[in-house]
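Chains as they are written, first to last, in the working numbering: chain A, 1 to 490; chain B, 1 to 480; chain C, 1 to 101.
By construction, these hints were calculated from the structure, which means they are not laboratory data.
Just so you know, not all the hints are guaranteed correct.
[Stated by the list, open to error] Calculated lysine-lysine pairs in the BS3-like style (CA-CA distance at most 25 Å, straight line):
1) Lys328(A) to Lys364(A)
2) Lys70(B) to Lys94(B)
3) Lys260(B) to Lys109(B)
4) Lys244(B) to Lys66(A)
5) Lys97(B) to Lys80(C)
6) Lys109(B) to Lys79(C)
7) Lys18(C) to Lys109(B)
8) Lys463(B) to Lys257(B)
9) Lys10(C) to Lys138(A)
10) Lys18(C) to Lys389(B)
11) Lys383(A) to Lys311(A)
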Amino acid sequence: MTIQNNSTDDSEYSEYEPTIGLEVHCELKTATKLWCGCKNSFGEQPNTLICPVCLGLPGSLPVLNKKAVEYAIRIGLALNCTVQPSIFHRKNYFYPDMPKDFQISQYDIPINTDGYVLLTDGSKVGIVRAHIEEDTGKSTHFSSSGRIHESTATLIDYNRAGIPLVEIVSAPDITSSEMAKSYVNELRNIIVATGATDGKMEEGSLRVDANVSVKKKDQIELGTRCEIKNLNSLRSLGKAIDYEIDRQIQLLNSQKKVIQQTRHFNEDLNQTVTLRTKEEAEDYRYFPEPDLVSLNPTGEWINEIKLNMPKLLIDRRQSVIELIKDSKEMSQLIGTVNTLVDQQLDTLFIETVGFGSDPTLTLKRLTNEAANSIDAAKKLNSKELAYLINLETSGKVSSTQSKAILSNLLENTSETVDSIISRLNIQSFGDKEIEQLLDNLILEKQDEFKRFVDGDDKVIQFFIGQVMKLTKGQANGKSVTQILLKKRNG
Amino acid sequence: MSEFLYNAVDIIENIKNQKVTSKQIVSKYFDNIENKNKELNSFIALNKDLALSKANEIDERIQKGKPVGKLAGLPIGIKDNICTEDFETTCGSKILKNWHPPYNATVIKRLTNEDAIIVGKTNLDEFAMGSSTEHSAFGPTKNPLDLTKVPGGSSGGSACAVKADLVPIALGSDTGGSIRQPASFCGIVGMKPTYGLVSRFGLIAFASSLDQIGPFANTVKDCATILDVIAGYDPADSTSLDIKRDNFSDFLDRDLKGMKIGLIKEFNEYLDPEVSQNLNLAADLFANNGAAVSEISLPHIKYSLSTYYLIAPAEASSNLARFDGVRYGLRVAGKNVDEMMINTRTQGFGPEVKRRIMLGTYALSSGYYDAYYGTSQKLRTALISDFKKAYENVDVIITPTTPTGAFKFGAKLEDPLQMYLSDIFTIPSNLAGHPAISIPFGKDDENMPLGIQILSNALDDSKVIQVASILEKLRDENVT
Amino acid sequence: MSQKNNLISKEQVLHVAKLAKLSLSDTEVELFSEQLSHILGYANELRDLDLSNYPPTSHPIELENIFREDVVIESISNKKVIDNAPQSSNGQFLVPPILND
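Next comes chain A alone, as it looks inside the complex (with noise of 0.2 Å):
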């Protein structure tokens, strides 16, 4: 679990438990900044998306986006929050990235509050608030070492200021870099669905802050909290947190106290290492903003939103769900559900068991042979799928012809079944021609017979190698056993 060779026996690690809360950052998908109408385009070449309110002029003022509010409301809903009136306030800190010196962000009465997200396991991370805030500029260093610590120079591009985010703020509901990644991965489909942010963590419209304390079992207050800044992919968010967690327990058990500070994480090096120590000039002088008034969504307006909202995630599971729920791989077909709703394929699964197809088949073969080629398996004809898929349920294509025809198909969604069935000269092997066959093939190998009339199933495999053999694979391997049992016990 750690990166570091440590002395740390698990016996002395079972004793403590991590609490881990996480921050997301994701930007919103508008057309324009959240105080400006400049473009909102990841990119463009340096400091040519400015005006003078998000270079944050003298005398320029914020009008609030209304799409980005609405983009928030839809995360806000999607994420079973409360919404609720909101004001904006100014957090206050000097850094040359930040236009005005100080963030327009929500404070204390943010506009979602008080959600949840389900992981795929059934377990459950509270959300605390879904706020909207500004994005800052982006700074580079330069440096012949590449360490920020080491550089001579900075520039700084502000395309990226005025940027609307998101921040999702989770309860400390997580226990586990395990339960991080996996919470990430899912409020990250959850939001996306939503279409308001399109979630690139490697683009950085989707970051993460890691709060990470550990604290005996037997404690009840948390330990003190180090913040991880800025994780922009799963592995990293995973890596960054066990690391964290091995050196706080590493401290503890060595009798020394963690400090409270913020920490970065490095990719080259593996480990969290000192960005600031929280020291007394953290104070934000947070104050309601005074250029923009209060935010108070009518429920005409929320109704609205939830009308106009792409289905959500984990309804178009449930959805799915519905329609296999009853067969008895249920259990192991849930992550496949989950693959199918991801993919953008359970449109297509729904419409096609809706002509009458084996659920578990149809969701079988879209999620294993139509995989490959999603963009082609979007333009599949619900219809003529359910028809193939019939025609393997009756047995009158063998699975390995289904998956030929399927092929066929998913290089040409427009040509049907039946005219690949013919232009491949697919036969039809019947229960009764595969008698006939079987018939012939045990006067022929009588000696193999008779082993699997005494018991000898491993048998079976040699007659459906013969059987294939003699139809070129298009009889069904299926039939071939059932009529084989048919004649040992008949």
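Could you slot chains B and C onto chain A? The hints should help.
Relative to the frame of chain A, chains B and C by itself:
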């Protein structure tokens, strides 16, 4: 006054009727500027060539019978905390010296859309923090009526410019009295409109919840004419009021029939005998001409100054954080960015600005917020509620604009609190967001002008103008 | 100028100066300690009032739900942005290194 110099409405009329050209008007005012500005230090940025070329262009349009704006050819001075693309905008501070805004404030657009001509930028207390225009990095402005005395502040440059006939109209900004107090000290009209009536977009913020732009003029009529142009909804300012408003010029030359006028009981203890006498004279004139004058009580008004000196510096400390040497303005080198910011701010800001940043930072800092900032916001609510009750019984309230006439340079520099006290009568309107005007009325014992302030309820700017216009007329008829 | 009577100590003045990114001379520290104490002492009259019935006011004229539509407006040119910069490099603002002490 020279043959060419009229009130603004007359100038506009005469230019439109081709009795005079805009070029002649602009040149004449520039003659005055060239004669007097060196001594008065009213303007800190000027562009004669630009003004004349705009005047020429307007004259040509008039001669060709093409349409022109409501203020065609009228020269105007602008307080140097309002952003202008054609002039550097400094706020009277070293930290913004040579800063060229890449945009115009909304009021500038509104004025130039009506073909007014911006002649230059007027001096002010640094970042509008002061009551004497002594706190400017570009030196003090003088009172044109007595060069040993201050013109008031912070819009001292604008008040001086209008009084000294350097321009017929100037814009100022008023956070705690910064238009009305210098208007009173210089003997002209100055008005702070209802908060949100005039867009703040492009006004470099001192205290965002108190700041309002307003006009300086020689007459109430001129003041109403300018307010009619600069007032109006601006989608770029979230606090701008999207309302159907009166045409202010329609409220001139009315009478006092049915008008109820209040005098604030709680202010009595702050009135010097001569100021008190002056106020009573105004009240008598109103009473004798059809108004009902009565005393009203605003129990929380005496706490206005304390409240103001917590709210305004707190907001200012945050508004002025952006002056850090990174993006524009002064930069003083440092070995790292933190040191650079500290050096820039330490050398860039003057002592009064530093004092207020310190005061505001303290009032907002952890552990003191509730006691200071939080309390002052509640007091603000209490004051607004007092006013609301009062306006159930009266239409307008009259007070002296200032406790004294203009004082001598240096008289209050050593004691900030004494300086702050000169805004004691003007501050309540800013806290409540209400309109207020100062019109010249009476003199102090050193023959310097005094002013009467007329206050009214939010959005009753037209009532303020109506009563001010009547008082102006009664004064001219009755007071020597 | 007795330090003891001041509501705001020199240490507090220095702390506030640090928050405000100002460096003060010894004379200024002394002066501000005295002046700020004087001004805040005056403001202490507010602390004795019972204002519990009054909610805080941040805006003199209460408004709510003021929005702009999510429509792109052309940005200003990089040249105009950079023209006022004390120091720049290739269209970016250049500042001394950011050090974490």
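Now for the hints, and whether the structure bears them out:
Distance restraint check for Lys328(A) and Lys364(A): the Cα-Cα separation of roughly 14 Å lies within the 25 Å cut-off, and the hinted pair is therefore satisfied. Pair hint Lys70(B) plus Lys94(B) does not hold up; C-alpha atoms about 36 Å apart against a cutoff of 25 Å. For the hint pairing Lys260(B) with Lys109(B), the CA-to-CA distance comes to about 38 Å; that exceeds 25 Å, so the pair is violated. For the given pair, Lys244(B) sits about 24 Å from Lys66(A) by alpha-carbon distance, which is consistent with the 25 Å threshold.
Using a Cα cut-off of 25 Å, the hinted pair Lys97(B) and Lys80(C) holds, with the two alpha carbons roughly 17 Å apart. For the given pair, Lys109(B) sits about 23 Å from Lys79(C) by alpha-carbon distance, which is consistent with the 25 Å threshold. A threshold of 25 Å between alpha carbons decides the hint, and for Lys18(C) with Lys109(B) the separation of about 39 Å lies outside it, so the pair is violated. Straight-line distance between C-alpha atoms of Lys463(B) and Lys257(B) comes to about 12 Å, which keeps the hinted pair within the 25 Å bound.
Annotation: proposed proximity of Lys10(C) to Lys138(A) is violated, straight-line Cα distance about 37 Å (limit 25 Å). As the CA atoms of Lys18(C) and Lys389(B) are separated by approximately 44 Å, the hinted pair breaks the 25 Å bound. Our distance criterion of 25 Å between C-alpha atoms is met by Lys383(A) and Lys311(A), whose separation comes to about 23 Å.
Checked against the numbered hints listed earlier, the structure breaks hints 2, 3, 7, 9 and 10; every other hint is satisfied.
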